[in-house]
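**Q** Read off the chains here:
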Amino acid sequence: DQQVKQNSPSLSVQEGRISILNCDYTNSMFDYFLWYKKYPAEGPTFLISISSIKDKNEDGRFTVFLNKSAKHLSLHIVPSQPGDSAVYFCAASAYSGAGSYQLTFGKGTKLSVIP
Amino acid sequence: DAGVTQSPTHLIKTRGQHVTLRCSPISGHKSVSWYQQVLGQGPQFIFQYYEKEERGRGNFPDRFSARQFPNYSSELNVNALLLGDSALYLCASSGLWGYTFGSGTRLTVV
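Top to bottom, those sequences are chains A and B. If you use the working numbering, the first sequence corresponds to residues 1 to 115, in order. If you use the working numbering, the second sequence corresponds to residues 1001 to 1110, in order.
Read the hints as simulated data drawn from the structure, not as lab findings.
If you anchor each label on the Cβ, the simulated ranges turn out as follows:
#1 B:V1110 - A:F46: 29 to 35 Å
#2 B:T1005 - A:H72: 35 to 41 Å
#3 A:D55 - B:R1067: 37 to 43 Å
#4 B:P1061 - A:P9: 25 to 31 Å
#5 B:Q1041 - A:S69: 27 to 33 Å
#6 A:S8 - B:P1070: 41 to 47 Å
#7 B:H1010 - A:K56: 39 to 45 Å
#8 B:R1067 - A:S8: 34 to 40 Å
All values derive from a computational prediction rather than experimental measurement. Note that the Cβ used here is the ideal one computed from N, Cα and C, for glycine as well.
Modelling step: build the complete structure from the supplied sequences, incorporating the hints.
**A** Below you can see the structure in the form of structure tokens.
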């Protein structure tokens, strides 16, 4: 049973336009959400995160929105650049005490930004 | 500062063999986690170690084991390799919050 779902395997966007990547989750115990970017042959690179007590977090061109009632989050990239082309993973975490936490990942969305 | 380092970067093993993967966390980080990423999927949690103790274990068979050393580096061991163990194995270290991943070890089982 997938607890974190990214239903769009791929997305193509023109350079300069907005990219919107979506993520849904089912586990109401998740209290922290992260987005990672991954290039081939590299490990995931942290992009932006949001705590469940917020509904928006912004960092430069990247904004993450969280809708707790819908168990939905989205990553907005504005403006999109060719260097943003990568696989984006949504991840969620529930802290379980004593320094213990783990990330549950979605399957990823491959973003292609077309020049 | 060095990031998370993993070795080896690539590895080819035969079914039934044993493999050991190594990870050095970022200096000062006391927690190390291991993830398996098969093609087309997101990383899947295997283990977390904090202060040399196992703090979490994912849904993996007992063929998978790990340990953390006094210097906080870690090893992931997999026994009796199966073709399905072919994957990218990622190590992540974490401090107060947030994970930093290494570039991974690509394991191919033939």
